[in-house]
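As given, the protein sequences belong to chains A and B, one line each in that order.
If you read the first sequence in my numbering, its first letter stands for residue 1, the second for the next number, and so on.
If you read the second sequence in my numbering, its first letter stands for residue 291, the second for the next number, and so on.
Hints were generated in silico from the structure; no laboratory data involved.
No experiment lies behind these values; they were computed from the predicted model shown.
Think of the CB as a built atom: it goes at the ideal place given N, C-alpha and C, for glycine as much as any other residue.
It is possible that part of the hints are untrue.
Ranges of calculated distance between the beta carbons of each label pair, as one might list FRET restraints [stated by the list, open to error]:
#1 K350/B <-> S245/A: 29 to 37 Å
#2 T315/B <-> A79/A: 44 to 52 Å
#3 G114/A <-> F381/B: 54 to 62 Å
#4 V326/B <-> S249/A: 29 to 37 Å
#5 D85/A <-> I351/B: 32 to 40 Å
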Amino acid sequence: MNNKNTKFLSPGHNGCAGCGQLSAAQAVMRGLHKNVIIANATGCLEVTTTAYPQSAWGLPWIHSLFENAAAVASGIKAALNKKGDKKTKVVVQGGDGGTFDIGFGLISGLWERGENVLYICYDTEAYSNTGIQASGATPYGASTSTSPSGTVSSGSTQRKKDMLAIALAHNLKYVAQSSAGFPDDITNKVKKALETDGPSYLQILCPCIPGWKINNNEAAMLGKLAVQTGLYPLLEYINGQLSASSINSNFQAKAVEEYLKKQGRFKHLKEADISIIQKLAAENIKKYKI
Amino acid sequence: MKAPITNLSAQANSSLANKTGSWRTVKPVINLNTCVGCSLCAKLCPEGCIEMKKQIKTEKIKAKINYDYCKGCGLCAHECPVKAIKMENDF
Ligand SMILES: Cc1ncc(C[n+]2csc(CCOP(=O)(O)OP(=O)(O)O)c2C)c(N)n1
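Work the whole structure out from these sequences, hints included.
Now the structure itself:
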């Protein structure tokens, strides 16, 4: 975009053509400003943007390990506090594996200490970078390399971990969920989260071309369908309360089948499994009053 | 003995040296008469290589693709609300 913030994430990176995560990251960058330091967990976003000796980033950006991005952010925040710098914001970016599973303990610590850090999870619903292993974010029925569909299994038997509820249980003042395909929603939520005093959490659904076995041009469409079926609603909690902007009384849910049948990771599903997933969407619609 | 300190730092935005346009086999072509300048393609592009530019003659804002980096994913063409972008072979 013809926007000075685009330089925060330059082209020339090695993301797959049509990557939903990189598309979402561009929307995130439009919500940031130049006084931001980013700590990035290991994962596709880090690997594709920093093929040494090159970097796509135009903001101070650090990668240390897969599991410790939250702790690195805490350290940066502590150094800024010591210097009396109140202007510079600290942002963490991680994949769902880094967030739901492997970095989880350190994220909980960051939230427990109430540090003023924005944590953004790019949720591809699997460990994309190492070949689509199932993570705590993998939804029911998805075929991954560690939950392959076949004669004895119809994909993951586990339900997706509810990270939003876990974030809310830490009394975060700002917790939100968005999806690639809604770039303005992402940008707006990043801006709001950044202005929150205290820790904030934003989780963005990012369709993954090889992981979801979809076409190069379908990431935005699937990001939208996930929302339109009720499987991944656009949500925002301010001070623990679901904000009015999340509630849509005219919501006409599309059948989950429309979302599932477009993805190779779900193509083995039989009617019984599809109806389980339809129930999950119905639960969301009830729970979030959309 | 002190371990050597390795500074693995990189120049900001140095990925620009990597012209990913060479990945492309199909190419998005924008029909400027149809483009309404909504900027959705520019907002969605994973490369961030679509710019909104003022046309010299008409002064209207239209999308412009930087083919140095466009990987030809076709996301822009798929999402364009007025179907102003067509994918064409590029080999
Ligand atoms: C401690 C540790 N374990 C495993 C790895 C290997 N590894 C690198 S990236 C990655 C997957 C990242 O998955 P996720 O966090 O979901 O991000 P995504 O790639 O999906 O964006 C793994 C397992 C590592 N770098 N460090």
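Right, here's what the structure says about each hint:
{"no.": "1", "hint": "K350/B <-> S245/A: 29 to 37 Å", "result": "32 Å, holds"}
{"no.": "2", "hint": "T315/B <-> A79/A: 44 to 52 Å", "result": "47 Å, holds"}
{"no.": "3", "hint": "G114/A <-> F381/B: 54 to 62 Å", "result": "55 Å, holds"}
{"no.": "4", "hint": "V326/B <-> S249/A: 29 to 37 Å", "result": "30 Å, holds"}
{"no.": "5", "hint": "D85/A <-> I351/B: 32 to 40 Å", "result": "38 Å, holds"}
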